[in-house]
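Protein chains: 4
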Amino acid sequence: MLTFRRIDQADARLLIEGARERAKAIGVPMCIAITDESGNLVAFERMDGGKITSITIAIDKAFTAAAAKKATHEYSAASQPGSPAYGINSAIHGRLMVVPGGLPVVVDGEVVAGIGISSGTPGQDQDCAQAGIDFFLAQR
Amino acid sequence: MLTFRRIDQADARLLIEGARERAKAIGVPMCIAITDESGNLVAFERMDGGKITSITIAIDKAFTAAAAKKATHEYSAASQPGSPAYGINSAIHGRLMVVPGGLPVVVDGEVVAGIGISSGTPGQDQDCAQAGIDFFLAQR
Amino acid sequence: MLTFRRIDQADARLLIEGARERAKAIGVPMCIAITDESGNLVAFERMDGGKITSITIAIDKAFTAAAAKKATHEYSAASQPGSPAYGINSAIHGRLMVVPGGLPVVVDGEVVAGIGISSGTPGQDQDCAQAGIDFFLAQR
Amino acid sequence: MLTFRRIDQADARLLIEGARERAKAIGVPMCIAITDESGNLVAFERMDGGKITSITIAIDKAFTAAAAKKATHEYSAASQPGSPAYGINSAIHGRLMVVPGGLPVVVDGEVVAGIGISSGTPGQDQDCAQAGIDFFLAQR
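Residue numbers (the working numbering), protein chains in the order written: chain A, 103 to 242; chain B, 103 to 242; chain C, 103 to 242; chain D, 103 to 242.
Wrong hints could be hidden among the right ones.
Listed next, the in silico BS3-like pairs over lysine-lysine satisfying Cα-Cα at most 27 angstroms (straight line) [claimed, not checked]: (1) A:K171 x C:K153; (2) B:K172 x A:K153; (3) A:K171 x D:K126; (4) A:K153 x B:K126; (5) C:K153 x D:K172; (6) C:K153 x C:K172; (7) A:K172 x D:K171; (8) A:K172 x A:K153; (9) B:K126 x C:K172; (10) C:K153 x B:K126; (11) D:K171 x C:K153; (12) A:K126 x A:K153; (13) C:K126 x C:K153.
Since the hints were made in silico from the structure, they are not lab data.
Could you put the whole structure together from the sequences, leaning on the hints where they help?
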């Protein structure tokens with residue numbers, strides 16, 4: 103038998119709050135998704151003005167980050183033409199996201215959640231995801 | 103040209119709050135999904151202990167209620183064997199939910215959102231969806 | 103933060119062994135699927151002669167049992183025409199199985215896995231799933 | 103009428119054993135999938151710590167290798183931008199894998215199975231898939 107930890111709803115709210123405040127600061131309404139460590143959705147918020155396409159993209163970025171224990175921008179680098187993981191972006195019926203903006207949430211060396219952001223540039227998405235994690239970790 | 107109204111994120115939070123408080127009162131941790139009037143997700147919360155299967159089911163109940171402008175329990179009655187809408191439960195790749203627990207949110211005669219609840223019995227799910235709407239309307 | 107337990111690969115092998123021995127005893131080659139507590143596949147075995155359609159069915163029965171914390175035969179009863187959960191069989195793109203043969207694996211009151219069997223009659227499938235659980239619990 | 107050969111469950115266990123031992127030796131817990139010559143799953147094992155995203159990826163690598171009678175790394179080369187099979191990675195709803203780690207299992211010049219590995223680097227995945235085949239062939 104294995105023992106694990108995963109975030110609860112209160113943790114998910116902190117992750118969202120941190121990401122939302124950064125999104126407001128840069129003036130980009132975002133879709134923000136939080137999954138547990140297995141990639142299953144725990145909380146989601148589409149800020150007023152967040153894109154409809156970004157609903158699924160944010161959820162799938164969070165899924166990828168948690169379930170693969172890897173930031174989506176790492177896959178971006180590894181899946182460029184000529185690179186070893188080229189073509190992985192269409193795996194799992196297209197759910198495996200290689201666009202930046204998905205980060206695993208790590209506590210004491212363990213992945214306990216995933217956060218995925220979408221609606222801005224990939225760089226803005228990743229920045230807001232990191233802001234969510236920073237805020238969450240600062241509150242613990 | 104058409105003009106329409108839809109809930110914003112603050113409205114969605116009220117809908118969730120009302121549903122969550124009822125869920126707590128009856129002791130059943132729920133998945134709670136809110137969509138806009140087009141059926142696209144605005145907010146989602148999986149209470150601690152909510153079922154993993156209920157993530158998709160709650161989202162699809164809210165989608166059905168908003169996008170079809172019809173409570174899912176109305177489809178339940180209409181889709182029984184021998185009834186005119188028999189078999190509609192598998193439509194839209196199974197997204198059209200006929201299990202109770204999805205309600206359109208109506209303001210001034212217009213559907214402005216959908217709420218979908220899952221993890222309890224269908225009756226409990228519907229009760230919590232109604233509680234979300236009641237709380238939301240009382241705050242306006 | 104939440105803490106929980108899930109089966110490891112050694113546990114999954116015991117669950118499969120128990121189910122396979124019963125399947126051999128009744129002379130029906132089965133597909134046997136084991137998921138973790140979140141419904142994600144841990145181990146799978148298609149006995150020689152197991153049906154190809156049963157690959158997905160067994161995996162989805164195990165998924166349903168673990169992720170909904172409910173035996174699939176309970177859904178069978180609850181989803182008959184006229185019953186409250188009628189029509190739920192097509193939910194989650196048809197992954198929610200209401201055919202008997204999927205059981206949650208419970209240890210100390212906690213769901214730690216799901217087992218799903220397919221290729222026989224629903225009754226045979228359920229019997230082999232239970233045999234897997236009995237064998238697993240007897241070895242602990 | 104056609105006659106063909108395919109692996110049985112005992113063969114599948116040998117393929118998994120060979121791959122698992124290599125995975126242990128290099129210290130990377132893997133998802134290991136074995137399909138028959140038609141691409142249908144025969145056996146699957148997620149080693150403790152194997153990634154959740156890799157469940158589907160391993161199964162789809164084995165599917166691709168068996169059903170296309172081609173190693174997935176051959177598709178990687180052939181599907182680079184400007185190459186004839188460019189874009190094939192998203193075929194079959196994303197099931198056609200072009201990432202290394204899927205190999206057809208060939209006996210007497212005939213494809214009798216597919217093996218797919220995921221959770222490491224593409225190179226590690228391919229190495230473990232080959233180790234599975236080598237072990238299997240050595241036992242015959």
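Proposed proximity, C:K153 with C:K126 (alpha carbon, max 27 angstroms): Cα-Cα ~15 angstroms, so holds.
For the pair supplied as a hint, B:K126 and C:K172, is the alpha-carbon distance within the 27 angstroms limit? Status holds; Cα separation ~21 angstroms.
Does the structure keep D:K171 and C:K153 at a Cα separation of 27 angstroms or less? holds (23 angstroms)
Compare the distance between the alpha carbons of A:K171 and C:K153 with 27 angstroms, and conclude whether the hinted pair is satisfied. violated (34 angstroms)
CA of A:K153 to CA of B:K126, is that 27 angstroms or under? violated (32 angstroms)
Run the distance test for C:K153 versus C:K172: straight-line Cα separation, threshold 27 angstroms. With Cα atoms ~25 angstroms apart, C:K153 and C:K172 stay inside 27 angstroms; holds.
For C:K153 and D:K172, compute the direct alpha-carbon distance and say whether it is at most 27 angstroms. It holds: about 25 angstroms lies between the C-alpha atoms, which stays within 27 angstroms.
Would you mind confirming whether the straight-line C-alpha gap from A:K126 to A:K153 stays at or under 27 angstroms? holds (15 angstroms)
Pair hint C:K153 and B:K126, alpha-carbon separation not exceeding 27 angstroms: Answer violated: C:K153 to B:K126 is near 44 angstroms, above 27 angstroms.
Given pair status - D:K171, A:K172, alpha carbons within 27 angstroms: Violated. A:K172 to D:K171 sits at ~31 angstroms, over the 27 angstroms cutoff.
Mind checking the alpha carbons of A:K171 and D:K126 for me, to see if they're no more than 27 angstroms apart? Judged against 27 angstroms, a Cα distance of about 19 angstroms means the pair holds.
Taking 27 angstroms as the top limit, are the C-alpha atoms of A:K172 and A:K153 close enough? At roughly 25 angstroms apart (the allowed maximum being 27 angstroms), A:K153 and A:K172 satisfy the hint.
Of the numbered hints stated above, those contradicted by the structure are hints 1, 4, 7, 10, listed in ascending order.
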